[in-house]
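Trainee: Sequence:
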Amino acid sequence: MLKDEEGSPVENFPDRYIRDRTDGTLYMRTKVPVGILGATGSVGQRLVQLLAKHPWFDLTSVCASDKSQGKRYKDAVNWTLSTPIPDDTGKLVVQTCEPNIPCKIVFSALASSVAGTIEKAFAEAGYVVISMAKNHRMEEEIPLVIPEVNADSLELVKTQKFSKGGMIVTKPNCAVIGLALAVKPLALEFGIEELSVVTMQSISGAGYPGVPSLSIVDNIIPYIEDEEEKLETETQKVLGSVKNGVVEKYPVKISAQCMRVPVTEGHLEAVSIKFSAGRKVTLEEIKRAWNEFSPPVQELKLPSSPVRPLIYFEQVDFPQPKLHRELEKGMAVSLGRLETSSLFDCKFVLLSHNTIRGAAGGAILIAELLVKKGYVFW
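In the working numbering, the protein residues as written are 25 to 402.
Hint data in this document are derived by calculation from the structure and do not stem from the laboratory.
Each hint should be verified, as a subset may be incorrect.
Only pairs whose alpha carbons sit at most 16 Å apart, straight line, appear in this in silico EDC-like list of lysine to aspartate or glutamate [to be verified]: (1) Lys273 to Glu218; (2) Lys304 to Asp242; (3) Lys298 to Glu252; (4) Lys273 to Glu256; (5) Lys346 to Glu256; (6) Lys304 to Glu213; (7) Lys396 to Glu338; (8) Lys158 to Glu217; (9) Lys115 to Asp99; (10) Lys277 to Glu253; (11) Lys396 to Glu253; (12) Lys158 to Glu252; (13) Lys254 to Asp242; (14) Lys144 to Glu164; (15) Lys95 to Asp112; (16) Lys95 to Asp111; (17) Lys397 to Glu323; (18) Lys273 to Glu163; (19) Lys397 to Glu148; (20) Lys311 to Glu213; (21) Lys371 to Glu218; (22) Lys311 to Glu352; (23) Lys182 to Glu165; (24) Lys273 to Asp176; (25) Lys371 to Glu309; (26) Lys396 to Glu163; (27) Lys158 to Glu289; (28) Lys185 to Glu148; (29) Lys277 to Glu252; (30) Lys304 to Asp250; (31) Lys267 to Glu148; (32) Lys188 to Asp176; (33) Lys311 to Glu289; (34) Lys77 to Asp99; (35) Lys298 to Glu217; (36) Lys267 to Asp176; (37) Lys298 to Glu309; (38) Lys325 to Glu289.
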């Protein structure tokens, strides 16, 4: 029987405790233990980096493919980030992606080829799964969440049938996150009827090692598999509203074209919008909607929340990936080039950090919201 520091038996929630390495005494954790599935990949590494000094979460488990099992994380990973591997994480032993790890929340950075089954197995075993894979995003009972845009969609987890309090919550495609954040205040205030978007997406969006150098150097690839469909369908779900336990998609027509460009990080998107029929909106009204956008989640002051989720630049050649992708620790969406359009009502350019806001940082923000809202009991 496990006993805590006061000698009381620990029968329930043993993962709430950590054992002292010197005398074996168990102490109550002050942070929620979390794990990463797919921890050695590019997004998994970014999760490791961002969780290193997180005030709420304690990274206790790193999981990867069988070839990495049993190795120390520092020996199993081909680390590609500019900051060093956190010492504590580097010492963790890599485990297989099976639901027997000592944590409450798992971040899934798994490839879509394997994510679906593994994520459901963890949810069935009582884990809170926050997925960055595409597999479950469009399922009716699965929330597709950007906290500043549709935090209320978390209530969909109440309709999930997983036992032991398990659940799956998904994060949208990285390009969808920047787009939805930019258009949410415009949809709220003016209504949007049609939207055209052309993306210029960085090579890190393809993972590591990603696009072969001879394919991308001095080149642009005008195709990313499944990306245009994700932008057109996921954006409608994210902008939609929950009614009677289901999401009613936002009725906007979306046309997307996606390009891979030779930029390391940061997705640039050129957006054109037609507002609801008969609605005349000035450029100053659009800027005001962006500048005054203050979603309810901002009041919670979550650790990963940007102070300014949207930042507009008046300079004619902003935003630029090299200059603006790190704003608000990579969690802001930068905006610029707002102009009238001869075919639509307005056009503008946006930039978002695809591996932070669009992946690891966005997933961690969802986890913080789940904890703050009481969906994770600890």
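Trainee: Are the hints correct? Go through all of them and say.
Mentor: Hints versus structure:
1. Lys273 to Glu218: holds, 14 Å
2. Lys304 to Asp242: At roughly 42 Å apart (the allowed maximum being 16 Å), aspartate 242 and lysine 304 break the hint.
3. Lys298 to Glu252: It is violated: about 19 Å lies between the C-alpha atoms, which goes past 16 Å.
4. Lys273 to Glu256: Judged against 16 Å, a Cα distance of about 11 Å means the pair holds.
5. Lys346 to Glu256: violated, 27 Å
6. Lys304 to Glu213: Roughly 12 Å separates the two Cα atoms, so the pair holds.
7. Lys396 to Glu338: violated, 36 Å
8. Lys158 to Glu217: Violated, at about 26 Å.
9. Lys115 to Asp99: With Cα atoms ~9 Å apart, lysine 115 and aspartate 99 stay inside 16 Å; holds.
10. Lys277 to Glu253: holds, 12 Å
11. Lys396 to Glu253: Cα-Cα ~33 Å, so violated.
12. Lys158 to Glu252: Roughly 13 Å between the alpha carbons, so the hint for lysine 158 and glutamate 252 holds.
13. Lys254 to Asp242: Violated, at about 27 Å.
14. Lys144 to Glu164: holds, 15 Å
15. Lys95 to Asp112: Holds, at roughly 14 Å.
16. Lys95 to Asp111: The hint holds at about 15 Å.
17. Lys397 to Glu323: Since the Cα atoms of lysine 397 and glutamate 323 sit roughly 12 Å apart, the hinted pair holds (cutoff 16 Å).
18. Lys273 to Glu163: Holds - the C-alpha atoms of glutamate 163 and lysine 273 are around 13 Å apart, at most 16 Å.
19. Lys397 to Glu148: violated, 22 Å
20. Lys311 to Glu213: Given that 16 Å is the threshold and the Cα spacing comes to 12 Å, the pair holds.
21. Lys371 to Glu218: holds, 12 Å
22. Lys311 to Glu352: With a Cα-Cα distance of about 19 Å, the restraint between lysine 311 and glutamate 352 is violated, given a limit of 16 Å.
23. Lys182 to Glu165: holds, 8 Å
24. Lys273 to Asp176: Holds, at about 14 Å.
25. Lys371 to Glu309: holds, 14 Å
26. Lys396 to Glu163: violated, 25 Å
27. Lys158 to Glu289: Distance of about 20 Å is beyond 16 Å: violated.
28. Lys185 to Glu148: holds, 9 Å
29. Lys277 to Glu252: holds, 13 Å
30. Lys304 to Asp250: violated, 34 Å
31. Lys267 to Glu148: violated, 26 Å
32. Lys188 to Asp176: Not OK: lysine 188 and aspartate 176 at ~23 Å, beyond 16 Å, violated.
33. Lys311 to Glu289: violated, 26 Å
34. Lys77 to Asp99: violated, 21 Å
35. Lys298 to Glu217: holds, 6 Å
36. Lys267 to Asp176: Measuring from Cα to Cα gives roughly 10 Å; hence the hint holds.
37. Lys298 to Glu309: Cα-Cα ~14 Å, so holds.
38. Lys325 to Glu289: Violated: lysine 325 and glutamate 289 sit about 27 Å apart, past 16 Å.
Hints 2, 3, 5, 7, 8, 11, 13, 19, 22, 26, 27, 30, 31, 32, 33, 34 and 38 from the earlier list are contradicted by this structure; the remaining hints agree with it.
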